[in-house]
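Undergrad: Here the protein sequences line up with chains A and B, keeping their order.
Every letter in the first sequence is one number past the one before it in this note's numbering, and letter 121, counting from 1, is 121.
Going from the second sequence to this note's numbering is simple: count from 1 and add 1000.
Read the hints as simulated data drawn from the structure, not as lab findings.
Be careful, since some hints might not be right.
Between beta-carbon pairs, the in silico distance windows are [as the list claims (entries may be wrong)]: (1) A:A117 x B:A1204: 51 to 59 Å; (2) A:G326 x B:G1117: 50 to 58 Å; (3) A:R215 x B:G1117: 26 to 34 Å; (4) A:R56 x B:R1119: 20 to 28 Å; (5) B:R1119 x A:P114: 25 to 33 Å; (6) B:A1204 x A:D119: 49 to 57 Å.
Here are some chain B residues pointing at chain A (derived, C-beta under 10 Å) [stated by the list, open to error]: (7) E1043; (8) R1119; (9) R1128; (10) L1142.
Since we're looking at a predicted model, the values are computed, not measured.
Cβ coordinates follow ideal geometry from the N, Cα and C atoms, glycine included.
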Amino acid sequence: MSEAEGVDARFSGRLGGFALDVALAAPARGVTALYGPSGSGKTTLLRCIAGLNRFRDGWCRVNGEIWQDGERLFLPTHRRPLGYVFQESSLFAHLSVKRNLRFGQAVGARADAPAIAWDEAIELFGLAPLLDRAPRDLSGGERQRVALARALLTQPRLLLMDEPLASLDAAAKEEILPFLEKLRDRLALPMLYVTHDIAEVERLADRLVLMDKGRVLASGPLAALQSDPALPLAGARTAAVTLSGTIEAVDGDFGLTSVAVRGASFVASGQSGRIGERRRLRIAAGDVSIAVAKPEPSSILNVLPARIVAMEAATPNELAVILGLGEDGAGERILSRITRRSWERLHLAVGASVYAQIKGVALSRGDADA
Amino acid sequence: MPQSFLQPVVLTLELATVSTILLLTLGTPLAWWLARSRVPWKELVGALVAMPIVLPPTVLGFYLLVVLGPHGPGGALARLWGQPTLAFSFAGLVIGSVVYSLPFVVQPIRNAFAAIGERPLEVAATLRASPLRAFFAVALPLASPGLLTGAVLGFAHTVGEFGVVLMIGGAIPGRTNVVSTTIFDYVETGDWASANILAGGMVAFAFVAVLSMFAIERRFAGQRQ
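Model the full structure from these sequences, guided by the hints.
TA: Here is the structure:
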């Protein structure tokens, strides 16, 4: 990856009563999630990159093209080759679905070699039956599908998504997530995805930018940040890690899939792929318990040797333990949430060899570190 | 008898049509600017535009007479094509009507632009639409209920105007005598039957105008949901 590819942006200053001081880098492809509580500045950062907000002290370069250089250069939004998906339905109420899609459709040079063609977009998002409808006759999920397709049909070189699922109910979210996964795996574009929902981060993100109070707390590959004891993610009640692995065996008799990651191999329910395909695994800290000796056979599918890498108090009585998979602990890192009493009774310590018992592994498509 | 009604009715419709076209042409950009500009003095302009709502029409008519008359800039302008004055002419009536009805056109259009909010225009910009294209392809269609309301109000208000057209036009029979001033003439000369016919027509027209405004509102309120 050359330096000029991807996104490189810095903004600092005040806008209204809000202070922002951030730097962001995103690779030329894959989803970079901007995650943080509301008011942390994620949306403002996204809007600055789009040119919808303007800080005097700002710098933004996308795929080698400078979009803002302080006050010397500021490309207006309509000259920036980006796609933007807003949180709430942003379809034009006076236009049909088809005319909404046509509104931003690239014309001229970019249309000759489109990253996504009209027919392809219609097919990918299942829009054929909706084309002649008015936006007001669509469900929330359908509207966001149209909005996504419309953004992509402009043939953007950067896709910005501002909590595209936040206004949807759980069922509609589940309807859209597979589309977003497909886009992530298919498009060679940098994608910035703003969310305050960690479940979306776990499903979609390759990289993570953790934000708080207008600043960047940390940024890097998703799994590294999830298992960093210094960051708030590892200690959260819903803490989990997202690993990527390769399917190495499919057991048709029992309906199980084995997925190899660095330092271990997991068995998960379901047989949704072929050997060699990449999968994301989500392992929740609450589903991982620790044993000091190899446990008796039980119904738990995954019992893996590991080493304790670090420990951090999550609450006064609960601990977040970071485990390195493998006898030597050099493999992928996972989290375990245990009580302080267990830690003391089992005489656990950093560096100790243990067995991790994992009750649940969720598989989804794609790669966690593209 | 009907022949004598025809001339003021036709003149009134001509005046209202020309005025409404001018009102929309001037009022739409003005309303856009008032709705979106961030300059602090824009409300001064807004107040000036709204003045005719509270000013007595005779006062407005008087100053228009001064400005458009032989000794004002309007007279100087009229001399370019050999006329002594802009007052007491169709052009004078149009200018008076436009000034007088402007707030009734600008206000609903301004409200409609304000109600659209920033978002559709931001969306348009992210879809590569230049500000000009965003205005014509997004803002104008979305504000169309306001534009229609403004057009109906402007037209109806021009048709119903009396004080300003009397001052600036002088109610010259056959030239500047519109329906409202003709009714006044009939009453002055004791021809109540004729006054009644024209006045009744105005009542019917006003009812249709108000009804069509409600219909516009209903139709678009349903569409936006």
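Undergrad: Does each hint fit the structure? Answer for all of them.
TA: The hints, checked one at a time:
| no. | hint | in the structure |
| --- | --- | --- |
| 1 | A:A117 x B:A1204: 51 to 59 Å | holds, 58 Å |
| 2 | A:G326 x B:G1117: 50 to 58 Å | holds, 56 Å |
| 3 | A:R215 x B:G1117: 26 to 34 Å | holds, 30 Å |
| 4 | A:R56 x B:R1119: 20 to 28 Å | holds, 24 Å |
| 5 | B:R1119 x A:P114: 25 to 33 Å | holds, 27 Å |
| 6 | B:A1204 x A:D119: 49 to 57 Å | holds, 56 Å |
| 7 | E1043 | violated, 21 Å |
| 8 | R1119 | holds, 6 Å |
| 9 | R1128 | holds, 5 Å |
| 10 | L1142 | holds, 6 Å |
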